[in-house]
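Engineer: Let the hints inform the model, and build the full structure from the sequences given.
Number of protein chains: 2
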Amino acid sequence: RSESIGSSFSTYNNKYLTVPQIRPSVHFGRINGAFEPSGRMETHNNSKINNYLDGTQVEARGGTSPGGKHFRDSKRKVDYVLAYHYRKRASQHQRSIGSLGHLHRPSPLAIISNGEMGKKAQMIEMSPLDALEEEKREQREEYERNLVEAGLELEKDIENKSHGLSFVRIHAPWNVLSREAEFLKIKMPTKKMYEIKEEGGILKKLCEIWHKATKPLQPKLLTFFVSFFLGITTLIANNVYDAAYPLHDVCIHNLKHSSLASMLKLLYREWARYGAFYKYQPIDLIRKYFGEKIGLYFAWLGLYTEFLIPSSVVGIIVFLYGCITMESDIPSKEMCDQEKAFTMCPLCDKSCDYWNLSTACATARASHLFDNPATVFFSIFMALWATMFLEQWKRLQMRLGYFWDLTGLEEEEEHPRPEYETKVRQKKLKNETNKKDNIDEDEKEKLTWRDRMPGYLVNVASILFMITLTFSAVFGVTVYRITTAAALSISKNESTRSNVRVTVTATAVIINLVVILILDEIYGAVAKWLTEMEVPKTEKTFEERLILKAFLLKFVNSYAPIFYVAFFKGRFVGRPGSYVYVFDGYRMEECAPGGCLMELCIQLSIIMLGKQLIQNNLFEIGIPYLKMLFRKLKDERTEKKESDSNHSRHPQQWDLDYMLEPFTGLTPEYMEMIIQFGFVTLFVASFPLAPVFALLNNVIEVRLDAKKFVSELRRPDTVREKDIGIWYNILSGIGKFSVIINAFVISVTSDFIPRLVYQYAYSQNGTMHGFINHTLSYFNVSHLKPGTQPDNSQFEQEVVFCRYKDYREPPWSPNQYEFSKQYWSVLSARLAFVILFQNLVMFLSALVDWMIPDIPKDISEQIKKEKSMLVDFFLKEEHEKLKLIESFIMRDKHRNKGETKGRRNRAASFCQFSRSQRGSFTSFSSQHTEV
Amino acid sequence: RSESIGSSFSTYNNKYLTVPQIRPSVHFGRINGAFEPSGRMETHNNSKINNYLDGTQVEARGGTSPGGKHFRDSKRKVDYVLAYHYRKRASQHQRSIGSLGHLHRPSPLAIISNGEMGKKAQMIEMSPLDALEEEKREQREEYERNLVEAGLELEKDIENKSHGLSFVRIHAPWNVLSREAEFLKIKMPTKKMYEIKEEGGILKKLCEIWHKATKPLQPKLLTFFVSFFLGITTLIANNVYDAAYPLHDVCIHNLKHSSLASMLKLLYREWARYGAFYKYQPIDLIRKYFGEKIGLYFAWLGLYTEFLIPSSVVGIIVFLYGCITMESDIPSKEMCDQEKAFTMCPLCDKSCDYWNLSTACATARASHLFDNPATVFFSIFMALWATMFLEQWKRLQMRLGYFWDLTGLEEEEEHPRPEYETKVRQKKLKNETNKKDNIDEDEKEKLTWRDRMPGYLVNVASILFMITLTFSAVFGVTVYRITTAAALSISKNESTRSNVRVTVTATAVIINLVVILILDEIYGAVAKWLTEMEVPKTEKTFEERLILKAFLLKFVNSYAPIFYVAFFKGRFVGRPGSYVYVFDGYRMEECAPGGCLMELCIQLSIIMLGKQLIQNNLFEIGIPYLKMLFRKLKDERTEKKESDSNHSRHPQQWDLDYMLEPFTGLTPEYMEMIIQFGFVTLFVASFPLAPVFALLNNVIEVRLDAKKFVSELRRPDTVREKDIGIWYNILSGIGKFSVIINAFVISVTSDFIPRLVYQYAYSQNGTMHGFINHTLSYFNVSHLKPGTQPDNSQFEQEVVFCRYKDYREPPWSPNQYEFSKQYWSVLSARLAFVILFQNLVMFLSALVDWMIPDIPKDISEQIKKEKSMLVDFFLKEEHEKLKLIESFIMRDKHRNKGETKGRRNRAASFCQFSRSQRGSFTSFSSQHTEV
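Listed in order, the protein sequences are those of chains A and B. Per our numbering, the very first residue in the first sequence carries number 110; after that it's consecutive. Per our numbering, the very first residue in the second sequence carries number 110; after that it's consecutive.
Because the hints were derived from the structure by calculation, they are not lab data. It should be emphasised that the depicted structure is a prediction, and the values quoted were computed from it without experimental measurement. Please note that the accuracy of each hint is not assured.
Any copy will do: because identical chains look the same in the list, a pair fits if it lies in one copy or spans two.
As the list claims (entries may be wrong) - Okay, derived cross-link-like pairs now, DSSO-like style, lysine-lysine, Cα gap no bigger than 27 Å in a straight line: (1) K736 to K374; (2) K973 to K503; (3) K186 to K976; (4) K992 to K845; (5) K537 to K966; (6) K914 to K442; (7) K637 to K649; (8) K649 to K973; (9) K646 to K966; (10) K992 to K1002; (11) K736 to K601; (12) K503 to K845; (13) K459 to K601; (14) K503 to K976; (15) K503 to K741; (16) K914 to K930.
Structural biologist: Okay, structure coming up:
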């Protein structure tokens, strides 16, 4: 299956190749300059003038530049946009207009001149609000000055209103990009391809490799920006800037009707609409437009969705098997048999009457849908499915990494987060004031375990508190169920009484769902707060820890009620005559007579579907839409109030993009899918239809996310990532956890084992006849505690013994009501099954893991071939270059002996070096592979 | 701990640096020639004369060349030796002497001249034996001719006897080595180091890296030979040659007294003697002398031995805990209490009497040594220990790989094995005769699943048969035990009767041990035979499959009796009155009253110790010694019979080395250790002293192996490997398997769980008092089947009820002798413990695995640093070289315009290329790392 994905990639490779933007005018001095130590402000200052957009040369063409994506000169492309709100005092407003007066015409462009305005402003007394605004302005000026000094070209709207939105548009000239690329080791080749036409064969192939390696320029360019704008996050967090984003490809609002054949258009047509749901995603294109990180997310989502297809099919078959065999199921037939009805003990004290088991016939029959031997097979299947999925993902990731040239992507030495640096500075200060000299220098530079202790403690305490909160919520809902059930069963209304269980279960699950949804939002915020408390050093660790914490909290939150129903509900009921009471008069709740599995199934399906429907549709579509509407309205109103001269101008691309929602990371997307993956694998034994619902959801989800990325979010910064990081570990952890959970669901929650034990150990004739009788214990009603008997029994017959579902000794046994031998033997069988199931599935998973190689064979062979070819090529190339130098030296020798001695020596040393280099190159390349 | 190893390496790095053999006369044309297509026999033939040892220039100095390690010219070093036995017909003998007659003196050197002898010989009629000999000679001549054509220099003894041993000594000239190294991409730098002295800082560091990368020349040289002499294995297998080996460093027989400070001497002093047992192994030196593969083995063995120290300490503590608490153990006190003695049911039919449980007091007390709560802790500890060990090994392997420059070692495209190629050829032939055109071309070239089917089937069948054989052996020993026990208990001799159990157990275990040792040898051969049957494609897959098969068979063989005792013995006994009989009159055997754990412990310790003692000492020391003695004797006798003129000559290094045992691979060494690792981890719950014995064994084993490698084996070919391959997977598999095995040993074999259950569920006062009574069921002796009662009971009192160890209903219960509720509850507890234990330990192991990073932090940082430094350096270097070329071009332009246009263009294209190369270099290096 992954083959077909691969081929679809290559189709896209051919189809949507970006036109290589060859810019031959590479400035060599610049590149060399990358090796100079930084800090030469003086020299850079000279070039600043060139970098700035020269207002006088530009025609004021207004919004007529094609697509609104260029500087006013219609040449330089806007690569990145910074947006901010400004606010001026009236006096300053006057002055700033004055200072720009020499431009003679009301140009919307301003030349920033070394914070000169700021200096003037400082001389005048300011209100606190103004002071803040002034500080922000200075920060902006400082930041923009740095950008300009780094060689970027800036265009800025003039701040001609008393307050409003202003954009800084940034263009990165090619030479800056190349220099920075080398400096930051992003490995962007400065020339697309060298051309060797005399030689075919190997070289031709080599060229292809070359081509492939150098093709994806666009994302790298954007990646460059990300690393360039380090610190912009802090500035945005401090409200100095409002937003920072690269521009979308075209005016996305006219997407449907636009005739521009842009990349975004293609994305829209091939990907971001529901009509394309049956198509493979154009992963290569997505990657090219949004970068590797987002590309990997969609590739992962695609593979996951694809993998859901077979599991859905099997799930449906298992479900159908349940439907078909329902009629022939002897236990449910026996339960429904009204002739040989069992008189059951009352379900609550006093107000409840004895009842006939046959009244629970419906739930028993429904239980069989999910409680049959096919589910055992299905949960083994799903465990292997999960392993297979993870293996295939590893392979696909490898494949994509290869085609996307990610294999060598190193974890960059990330800069510490500003928060971390602040903390370290604080520590240093404190240490200096305390004059502790016994701390060694190294420890001063970083946060030690002792410094982090308070943060960790708060973390642990908070997480424990949150988990307790979740459990309390579950307990609260349980209490609600118990009390409501009790209240309803006293009701005089017959129809109310008969529907107690349904009513209570349904309302309780809905409450559960609401609690989950609310806590989910809270926990997201708490996890972020806690991670900030921890002060992780780098952005990467921050993200990882945030994800881990958020996952832990949300996982517990989503699954706590389900775990309760699966493993705890009905297990602490006690027995007639000695019930366990939650509080006075209220017994612990029991499961329906058909077993807890049915209830688990209801719980699962409602929470899963509800979560998907509400979180996906309401939260992901509705709320952003509302937000956007609201903001639009607000902006329009402020604009109207201003009623400026510029009001009529056609909105530029950056204006339109600014209107969109900011991109806030992939974490929520992944989280949603991972929680869903949990629903699909963890409790699949109790709900074989989970994959089907997941599949349906995901087919929509893919296009929904696509739509969101294409038309509802500002274009995200391109981030290069070579894998999905911590999410893989979480997935693999869930996969492993699912084995034991499924083992327990089958053995403990379902009636599979008791049936098996009955059939092979207790049944008279090897059939299931008599199973129901076997599972019900006897109770002598005279042993009921006084005051707990049914108040006024209207039961049709005189009751001496009532029955209850448990394996206990009958009243006539010497140790009446103790657990019977059956209880222990069934328990043994259950536990033995858990051991058997877990070890079998783990063994099979290990086998699958072992048999599927992590690196696809074609990729590994390709890599080997390319490597040896490149080594050969380099050796040869190096050799020829040497020969050239040698020939020069030889000629030199002939021409002027003595004069060029110095140079000759230098050249000779080079030859010598090159010889060593040949060896070193190979050893170098070998040494650093496969690390 | 691994830090200290690391530092010991670096000590050795400084201490035992090989003196760099700088040979500046690198021939450049040669290197370029590596790119020429091979097959130019004519040109090579010209150079052949140079390659051959020119006999006339050489003084016949006899054995006086220093150390006997050089050609007769005392200059060219003997790098490799081929040895063979020849046999001549008298006529040919005459002729060959004649053809060499022109040398005028009886020089022991011969010049091989294009198989001219062979041609002559063909003209004469030959006996079949002679024909075979002739064929071999031709093969040798063919092979040697190829070597000479490849540029190697050969020296050969003259075959002046009618039959005898002859050596071909090979010297590889430097230029051949460099050429081949490049050709084979072994990445051997042709120059050791370039010298840049003007610049310090980064370059100095770089030089160090360089130095490190280029230092280990010796092993690489030998590795080169390995790849060079492809096919020698086949020739040796066909008896064309007897042996092929590189020479040892010095005359090893005088090792102790020699004053030569050679590498081998150092190895001997620092490593290969028992006196050095407390020292860290000089791994770097071992690697330098024997190559990476053997170096890794000893590093692994060292780490393993080191890791055994803490586990031994904890094991001893656990054992001591058992000793100390023995006195206070209530159950064993109760068992020994002769006042309240329990009357036990007879242990065999008729001839056995009732007996008092207090007579089994000793075993009960001994049982407590190993059957106490501390062992539970110990087995958790050992599971984590195993995980930790594997993690640390991964790290050490990484560290060694880094220091030994193995990280980039690619799995070389191995040539298919000759057997495989033969098979393919056969297939092709068959297809051609059958004229099947429907098979596609690709399938013809390789063996398909269908071709391999018979081999696989034979494999599976044989392995199943072997495993059945093992089980039969175990069953046989069981039968021996049962019958002997029965026979002995009829014995009239009182002392015989009282020692039945001890005698039977001891003899049976010894029989087991002997069977294991014999089958081990057989299985080794069978595994090899089966793997050859499979026709694996490459040598690597051959080795892997051989190891897997051999491991499977030997593992089953070693552990089957232990598994039997641990999990099956005494579980199918039946009960008094309804015993299970193996065959008429012989009951299934039971465990001693103290539980099976004691017996398991005896079984384990005897098999483990016996295997180690016999296989290590007898097989590894004794037999090789005997073999060598025998061969020496035989050789001496033949030599005497020949009584040649050369008899008196001093034996050369190659003669001495030939006397040694050939090196047959590391598989037996690893296998032995892995089986031991199994003993240490799998059943550690029953025998906490296993690590201690393993440690003692290994301390000796390290030096024993060292001694063997240094002085008893021919020097092995150096093989570069970057890891221990499949052994790691096997180790990790054993580690995982040990978790579940230990869980079962604790819960099923030991009495830990029944005690716990008694204490917390049945005991009246929460103490262990009454436990023995609780575990013994009652039996009414009148229910004994007629004919099975004790013949003439001499028991002191009248017996109505006898007791037996089981949880069954008493005779007075309605369902007498059925499993009681206790039985099921204890079983449930046992199984619950297994689940708990397994999941807890697996979780902890996963945690340990997750917490310890696979790559040591310093290494990963170092690699990152080096990589970025090298990239910087290359860019700079490249740039300067370009500037040089450009300056040449500029000068050229000034001097003669027009004339050098062509060359200028060429140079310009180079500049252009170089620009691209700069990018490409970085992108290339990035692309191919971390694959």
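Engineer: For which of the previously enumerated hints does the structure constitute a violation, in increasing order of number?
Structural biologist: Checked against the structure, the hints that fail are numbers 3, 4, 11, 15, while the rest are satisfied.
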